[in-house]
Amino acid sequence: MTSDPLANLRIEFRQRAARDRAALIQSLAAGDIGQVEWIAHGLAGSAGMFGFSDLAEAALAIDEAFAAGRGLDAEEADRLVARLEALD
Amino acid sequence: MTLTVMHVDDEPDIREVAAIALELDADLTLTSVASGAEALTRLSEGARPDLILLDVMMPGMDGPRVLARLREMEGLATTPVIFMTARAQSDEVERLKALGAIGVLVKPFDPMTLARQLRDILSADAA
Chain A
1 MTSDPLANLR
11 IEFRQRAARD
21 RAALIQSLAA
31 GDIGQVEWIA
41 HGLAGSAGMF
51 GFSDLAEAAL
61 AIDEAFAAGR
71 GLDAEEADRL
81 VARLEALD
Chain B
1001 MTLTVMHVDD
1011 EPDIREVAAI
1021 ALELDADLTL
1031 TSVASGAEAL
1041 TRLSEGARPD
1051 LILLDVMMPG
1061 MDGPRVLARL
1071 REMEGLATTP
1081 VIFMTARAQS
1091 DEVERLKALG
1101 AIGVLVKPFD
1111 PMTLARQLRD
1121 ILSADAA
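Chains A and B are the protein sequences, given in the same order.
Sequence positions in the first sequence follow this note's numbering and run 1 to 88.
Sequence positions in the second sequence follow this note's numbering and run 1001 to 1127.
Okay, chain A solo, but in the shape it has when bound:
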């Protein structure tokens, strides 16, 4: 085990984030707003634990917009995609 118990999980998270980015782009193109919400919600809960606070913040903005009934903000969605791209 490494000295950082979360190191391996952090690597896995980056791989998952790449998959989430692809799914997010696809969902936005297809207008699948429900899927966008799930992806954002998942990232909002987990990204911050792995130290990706910018990503967590962008995901949480979308998640909270859905929670407040405001629906999807396209600008926020673009910001989330950009944050995911920054992990590459």
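To be clear, the hints were calculated from the coordinates, so they are not data collected in a lab.
No false leads were mixed into what you were given.
Using 25 Å as the maximum straight-line C-alpha spacing, the simulated SDA-like pairs for lysine to any residue come out as follows:
hint, chain 1, residue 1, chain 2, residue 2
1, B, K1097, A, E64
2, B, K1097, B, A1034
3, B, K1097, B, T1113
4, B, K1097, B, T1031
5, B, K1097, B, A1127
6, B, K1097, A, A68
7, B, K1097, A, A61
8, B, K1097, A, F66
9, B, K1097, A, A67
10, B, K1097, B, V1033
11, B, K1097, B, E1074
12, B, K1097, B, T1078
13, B, K1097, B, A1047
14, B, K1097, B, Q1117
15, B, K1097, A, G69
16, B, K1097, B, A1126
17, B, K1097, B, P1111
18, B, K1097, B, R1069
19, B, K1097, A, W38
20, B, K1097, B, R1015
21, B, K1097, A, A65
22, B, K1097, B, F1109
23, B, K1097, B, T1079
24, B, K1097, B, L1003
Given the coordinates of chain A, work out where chain B should sit on it, guided by the hints.
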């Protein structure tokens, strides 16, 4: 004090981090499940954790529905439940407490202090 915890969360990342975090407490035994339905199955089969750590937003059956169902099950009427949520607005936290949870933890949580936070909430509830 020994403590058995059932953690219910559909996100594998969250379950894994929580498992690593709670391993830091040698007196804590953890069971992780991936859905509300799986939690209810385990409970119906006789599992009786000291504490249930329950994600709010899950596909299929969300946390509040799981809480309502488990309260109807024998021996679980007063089992402490702590919700976990990424939505930290105060009205949401109050809504979740009003459903019968003894506390609400906001994600992302600090893995290094998760066990302590759970014990602190339990102690505060028992006081």
